[in-house]
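Residue numbers (the working numbering), protein chains in the order written: chain U, 1 to 209; chain R, 1001 to 1224.
All clues stand as given, with none of them false.
Short derived list, chain R residues pointing at chain U, Cβ under 7 Å:
1. Leu1028
2. Ile1029
3. Pro1032
4. Leu1089
5. Asn1098
6. Ser1100
7. Arg1159
8. Ile1172
9. Phe1173
Calculated directly from the structure, the hints in this document are not laboratory data. Note that the structure is predicted; figures quoted are calculated from it, not measured. Think of the CB as a built atom: it goes at the ideal place given N, C-alpha and C, for glycine as much as any other residue.
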Amino acid sequence: MEIAGTLRTAREMGLVACTSCTRVWPAGTDRCGRCGHRLHTRAPMALQRVWAWWLVGVIAYVPANLYPMLSTRTLVASQEATIIGGAVDLARHGNWGIALVILTASVAIPLGKFLAIAMLALGVRHGSALSGSRRQQLYQVVEYIGRWSMIDVFVVAILASLVQLGAVASVSPGPASLFFALSVIFTMLSAQSFDSRLIWDAAREGRRA
Amino acid sequence: MLVPMTPFDEPQTTPPAPNAAGPDLAALIACPRCDAVYRAVQPGPGERAVCASCKTVLIAPRRRAGQHLIAVAVAVVVLVVAATLAPFLAIEAAGRSNASSVLDAALAFAATGPVAILALAVAALIVFIPVLRALLVIYVLGPVVLDRPPAPHAAAAFRLSEDLRPWSMAEIFVIGCAVALVKIADLAQVHFGPAFWMFAALVVLVVVQDGFMCRYSVWKSLER
Ligand SMILES: [Zn+2]
Ligand SMILES: [Zn+2]
Chain U
1 MEIAGTLRTA
11 REMGLVACTS
21 CTRVWPAGTD
31 RCGRCGHRLH
41 TRAPMALQRV
51 WAWWLVGVIA
61 YVPANLYPML
71 STRTLVASQE
81 ATIIGGAVDL
91 ARHGNWGIAL
101 VILTASVAIP
111 LGKFLAIAML
121 ALGVRHGSAL
131 SGSRRQQLYQ
141 VVEYIGRWSM
151 IDVFVVAILA
161 SLVQLGAVAS
171 VSPGPASLFF
181 ALSVIFTMLS
191 AQSFDSRLIW
201 DAAREGRRA
Chain R
1001 MLVPMTPFDE
1011 PQTTPPAPNA
1021 AGPDLAALIA
1031 CPRCDAVYRA
1041 VQPGPGERAV
1051 CASCKTVLIA
1061 PRRRAGQHLI
1071 AVAVAVVVLV
1081 VAATLAPFLA
1091 IEAAGRSNAS
1101 SVLDAALAFA
1111 ATGPVAILAL
1121 AVAALIVFIP
1131 VLRALLVIYV
1141 LGPVVLDRPP
1151 APHAAAAFRL
1161 SEDLRPWSMA
1171 EIFVIGCAVA
1181 LVKIADLAQV
1191 HFGPAFWMFA
1201 ALVVLVVVQD
1211 GFMCRYSVWK
1221 SLER
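Based on the sequences and whatever the hints tell you, model everything.
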């Protein structure tokens, strides 16, 4: 299905597209007349903003792993667990499935997101081995999955509110929960700052050259 | 069924002059993901028009989508408010017990100093933002469904609702409950409260809501 030859972008047609409501306007229009969104042929400073959010996201992820996520006090013991420590504990008690879910949501997905966003941003500048549609898919996966990392923060919130049994058992949230939530939010903002039209600009230029 | 859109393929056409542009440009649609321009043609019943270049769904009209969306939004508001106040989960261990509502879960962070701002963030993500989105949808689509002119600032309201979409996390919270339950299964006995089932229903509704939403159709209807 080779239809790419006849496809034209708004920029090539001297137009500017609204990314919020898909309406097109003559180039240079400031605001979308339909939805009021600010119009930019390509989001200004998009890559700088992606990198800035990415960096604070990575930085917040470090203390998220060093500090305890939860502290549990029971009649017999009191313990503080980091993200990885908690998963290891679960695995030791035979809860392999849940340990795997936590490791995936709190370790594999955040690290994967950092890598994927870096790859997408680098790909705009330096070209990429992946095709435009592959990178678009990668971007959509990052956007979709990003929110789900928040699950660990919610688990902490649920446990801390539910497990309040006086001396028998009680759970309270640790500082890592704050850093982890911040890391997830910053990474979501980083992904949202990325203008996916940049992926296609490079791919289309390559085809024409 | 997915149907690729027909490219805007008249290379000899000079870009329409800005002053004569009105009707001409309104008939076009640009893919927000890759900037490709198409003639906006309504797909047939049950079909969804996708960008021929990057496969993003651009137009996906549903019959009576407006009514469905409003019904779902009303249900979301009722469920979230009820689920926030009713007990959510309850545990029992060694003769002691404790019940927790969704609001308690959000406020779990409030008690402990530096993480207190998390309480606000969690409450926003699982309660306030889902409710706000539902209210905005009712505000925007209500007049459209009743064939009235759009409400004041309807465009801004709809844009806000779309911008908030990724920050509405009620469904993630429900899955979080499942994980939390397994984590404490050997520590205590857990009972589901009525609010848990309300929230679970909510998750289904949120998914349904996104399935019905055709942004292009909504923007078109706000244009009149
Ligand atoms: Zn617009
Ligand atoms: Zn596209």
